[in-house]
Amino acid sequence: MSLLFKRRSSGATERKLTIWQKITAFFLAHVRQWLASLGGIWRDPIPSLLTVAVLGVSLTLPATLYVIVKNTQSVEDSFQNAAQISLFLKQQSSQQETAEFVRRLQQNHKIEAVQFISASAGLAEFSQSSGFNQALSLLDENPLPDVVLVIPAADYRTASAAQTLLEELESAANVDAGKLDITWLKRLNAIVSLVQSAMSALTLLLCLSVLLIVGNTIRLSIVNRREEIEVQKLVGATNAYIHRPFLYTGLWYGFFGGLIAWLSIEVIRWNLSGAISEIASLYQSDYILIGLSANEMLFLLGISMGLGLAGSYLVVRGQIKQIEPES
Amino acid sequence: MIKFEQVSKTYAGGQTALRKVSFHLQAGEMAFLTGHSGAGKSTLLKLISIMERPSAGEILINGHALSRIGSRQVPYVRRDIGMIFQNHRLLKEQTVFDNIALPLVIEGYSGREVHNRVMAALEKVSLTSKQRYLPHMLSGGEQQRVGIARAIVNSPPILLADEPTGNLDPELSVDILRLFEDFNRAGACVLIATHDLGLIARLRYRTLTLKNGEMKQDFMQTGQSS
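Protein sequences appear in the order of chains Z and E. Anchor point for the first sequence: position 221 equals 221 in this note's numbering, and the numbering is continuous, going up by one each time. Anchor point for the second sequence: position 8 equals 8 in this note's numbering, and the numbering is continuous, going up by one each time.
Don't read these hints as lab results, they were simulated from the structure. Hints are supplied without guarantee of correctness; some may be wrong.
With a cut-off of at most 30 Å between alpha-carbon atoms, the simulated DSS-like pairs for lysine-lysine come out as follows [claimed, not checked]:
#1 Z:Lys110 / Z:Lys90
#2 E:Lys3 / E:Lys20
#3 Z:Lys321 / E:Lys92
#4 Z:Lys179 / Z:Lys110
#5 Z:Lys321 / E:Lys216
#6 E:Lys216 / E:Lys3
Part of the chain E face toward chain Z, derived, beta carbon under 10 Å [as the list claims (entries may be wrong)]:
#7 Ile69
#8 Tyr76
#9 Met83
#10 Phe85
#11 Arg178
Where a beta carbon is used, it is the ideal one built from N, C-alpha and C, also for glycine.
Throw the hints in and build the complete structure from the sequences for me.
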């Protein structure tokens with residue numbers, strides 16, 4: 001396109017290209033610049049390496065926290081049936097009433113499973129496991145009440161929901177008392193939610209730092225290449241043309257930063273897996289540490305590349321506009 | 001082709017570089033712009049390539065008023081103007097070939113077209129054998145020729161040169177001027193700013209003389225032996 005000279009041909013218009021060829025040429029030009037920016041990083045690796053390393057560390061922190069929360073949640077899930085409710089029935093209630101009560105519990109949609117342990121069965125189990133066999137046989141009558149073990153439905157297993165369910169069940173006529181051992185569950189939940197909110201705050205801050213780090217690195221490389229940019233402007237490069245390599249560099253920084261973060265997580269996980277499996281074996285559990293899934297890894301890369309691009313975009317526009325050729 | 005109408009330029013500090021300058025350079029014309037340093041030669045060239053904007057007056061290129069050209073369109077105007085600088089302004093880390101190819105790559109020519117045109121430009125300035133060299137491996141005159149090749153590689157209708165022979169000995173200067181004459185014969189409008197009066201005297205071309213920002217003389221240099 002020539003603004004001043006109508007008949008003058010220029011690069012894009014001179015050759016008679018089909019639309020398809022133009023589109024291909026456009027993408028080819030972008031791919032070329034994309035690869036060229038990788039070449040630029042390769043030729044001047046030290047500052048790029050440092051930046052990428054800082055990005056990697058910045059991204060590793062929130063990603064590690066995420067993995068910790070994810071693992072804690074999976075531990076928590078596996079202990080969910082600990083949120084079981086024991087209901088101690090009144091001694092005076094008849095067998096029929098008890099059977100009716102258990103039947104009603106089984107129909108309650110908030111409850112997943114009900115297990116009835118009669119007083120005599122309870123006594124038998126207790127005498128067997130406690131070793132008080134002799135002492136118990138001296139008792140005139142069975143001191144134990146009938147017990148109903150209730151496992152809440154999935155939606156009612158959290159500490160607060162289970163508590164509400166307990167209160168509801170306790171209000172039943174033939175229930176003497178209910179018990180829900182949830183203090184430790186409450187604590188775990190509180191810690192997890194603390195870690196989660198700390199994680200969101202930290203993630204936000206670290207994402208911001210990624211943005212600033214990329215922005216600053218790109219700004220420095222623009223300053224270093226000021227002369228080249230001036231020459232490009234002198235021979236008719238548009239701002240968009242000059243922006244592109246810097247934007248692609250930001251994208252690459254994000255990509256490599258994300259890759260480093262993922263690798264660090266894998267290394268940490270590999271490093272910890274021995275200790276974890278030892279602890280797990282002591283608890284007779286086959287628990288293993290979960291890493292990032294393929295989707296989560298792609299998400300991590302996407303986020304880091306997005307941050308790299310955004311950080312560079314924030315700087316590039318203003319900086320390139322400022323540089324005007326002087327002779 | 002290039003028309004100045006009462007153009008003045010005052011810099012932000014209050015320093016007046018040009019005062020009501022008017023002239024008209026015809027299409028296919030070649031002219032010298034001369035005057036002592038600080039007379040406003042560089043400013044005049046910068047106004048044509050829109051590196052500066054005039055404080056008053058109007059500049060027209062091929063009938064288009066430059067005041068109507070927005071900052072987003074400036075790059076497209078510069079593609080029609082080949083510029084040559086005293087300090088060459090080559091990219092130090094790129095080869096001679098890549099330096100010359102820059103305007104074509106920016107305009108989006110295909111790889112083959114870029115190659116053909118760069119080779120043609122290299123041949124015109126007789127540097128074909130040094131296309132893989134980096135600028136610092138070349139002599140001053142050779143570097144200037146690379147700058148010229150870059151300016152003409154996309155065959156612009158206008159060629160501006162700011163002290164193109166400033167650092168060269170007289171013999172090389174004449175060679176460089178012969179190149180400009182060639183491009184002028186091929187149809188380009190050429191404007192050369194120089195304070196090398198000896199050089200001007202040897203060639204018969206129109207000469208615009210600036211003094212303290214004012215156009216003092218605009219005459220046809222008449223025959224002296226070259």
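Here is what the structure says about each hint:
{"no.": "1", "hint": "Z:Lys110 / Z:Lys90", "result": "holds (23 Å)"}
{"no.": "2", "hint": "E:Lys3 / E:Lys20", "result": "holds (13 Å)"}
{"no.": "3", "hint": "Z:Lys321 / E:Lys92", "result": "holds (23 Å)"}
{"no.": "4", "hint": "Z:Lys179 / Z:Lys110", "result": "holds (17 Å)"}
{"no.": "5", "hint": "Z:Lys321 / E:Lys216", "result": "violated (37 Å)"}
{"no.": "6", "hint": "E:Lys216 / E:Lys3", "result": "holds (17 Å)"}
{"no.": "7", "hint": "Ile69", "result": "holds (7 Å)"}
{"no.": "8", "hint": "Tyr76", "result": "holds (5 Å)"}
{"no.": "9", "hint": "Met83", "result": "holds (6 Å)"}
{"no.": "10", "hint": "Phe85", "result": "holds (5 Å)"}
{"no.": "11", "hint": "Arg178", "result": "violated (24 Å)"}
The structure is inconsistent with the numbered hints 5, 11, although it conforms to all the rest.
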